[in-house]
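Asker: Here's the letter readout for the chains.
2 protein chains.
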Amino acid sequence: MFVSLDGFAAGTYVTLEEPFGEAMALTRGHDGRAIHGIGNIEDITFDGAMASMFDQGIGVEIMGRRKFGPQSGPWTEDGWRGWWGEEPPFRTPVIVLTHHEREPIAFDNGTVFHFLDASPQEALRRARELAPGADVRIGGGPTTVREFLAADLVDTMHLVIVPVTIGVGTRLLEDGIPSAEDFDIRSVTLPSGRTHQLWNRRRGD
Amino acid sequence: MFVSLDGFAAGTYVTLEEPFGEAMALTRGHDGRAIHGIGNIEDITFDGAMASMFDQGIGVEIMGRRKFGPQSGPWTEDGWRGWWGEEPPFRTPVIVLTHHEREPIAFDNGTVFHFLDASPQEALRRARELAPGADVRIGGGPTTVREFLAADLVDTMHLVIVPVTIGVGTRLLEDGIPSAEDFDIRSVTLPSGRTHQLWNRRRGD
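In order, the protein sequence lines correspond to chains H and F. For what it's worth, the numbering used here labels the leading residue of the first sequence as 8, then goes sequentially. For what it's worth, the numbering used here labels the leading residue of the second sequence as 8, then goes sequentially.
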């Protein structure tokens, strides 16, 4: 998750041109090889290297509806198949949390969007059925990640603190959720100016 | 490539128990998720994240014979199939440079070792035939990497400077090869004490 210096991980609106609303600055300049098999071959950067964890060992993603598209309310026959064209970067099953369930949408590269009206616990159980033995990525947006954090369902979190301010939007860390004491937190600041943090949940003694 | 503070990337000998000889300390404690689908699920570390670049976009590896096994001279019928058991971490074709060519060895997970007596340029041409459009990883050992560096065939190099001294062995960087002026070099020191460097070849102005 990308977070601004003032704590925002998403803006207040989502449009086709600005999927992150006011928070577009969070991913600007996020270059280098990021996702297996997708993207140009450019200089390899530390930020790109960190992002190359994206699909390592992951068998399924859970995302909020806003990450899938800008619509709200009941689905219409608008032909929307997600932000990513015919090559979504997931290549695995993806659970889209929504109050409006619908039939799955499948792509040739292995990506299959399943639409589920479920609690975080139920969604996680369903994710593990879809990809036994693999890890589950909670892909965002921040509201969805916060729900899983509040339910103590996150073992590892990768934050990228981006040296910009946004001013408005949705915060990832708020109301004491999660408690930093529950995690071993390591930080490193890269030449790009971004600070990457790895949060690993502390295990029992 | 892992390099000690005194510049060594391999020891003077290779045995079944110590594939890096005196340089075993270079990879000690190299934990965290490193290679897609292989290894235990542990805490995710920055070093592990950097290592997760290992297979991103790579379609073939070129390695020296010593990386494949401890033998020298003509091959014997000893049943050796590499250091890695039946799950070699490559999952792609691999070219093993040797003066003693032999039939390929294939594994169920996609790894196929091809044995080739060739110059760096010829090996690279053959690698590109084996994996059109993908990147080629020069996997080591240091002598092999130095040959490709000397021939100006390396676009990107990922070095891990490990805070140990080895005292003897094979150096990676020697005799002014490669010239650091030919590369844009970025460094970051991680909480583990290791310094990772990304060398990207400078392009023409």
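Mixed in with the good hints there might be a few duds.
[To be verified] The calculated label-pair distances, taken between Cβ atoms and stated as ranges, are: (1) Thr172(H) - Ala187(F): 30 to 38 Å; (2) Arg209(H) - Glu94(F): 25 to 33 Å; (3) Leu23(H) - Glu94(F): 42 to 50 Å; (4) Pro77(H) - Thr196(F): 23 to 31 Å; (5) Pro198(F) - Ser186(H): 15 to 23 Å; (6) Arg209(H) - Leu197(F): 17 to 25 Å; (7) Thr196(H) - Gly140(F): 33 to 41 Å; (8) Glu25(H) - Thr19(F): 57 to 65 Å.
Hints listed in this document are in silico derivations from the structure and should not be mistaken for laboratory results. For clarity, every value in this text was computed on a predicted model and none was experimentally measured. Just so it is clear, CB atoms sit at the ideal spot from N, CA and C, and this is done for glycine as well.
Asker: Any hints from earlier that this structure breaks? Give me their numbers in increasing order, please.
Answerer: 4
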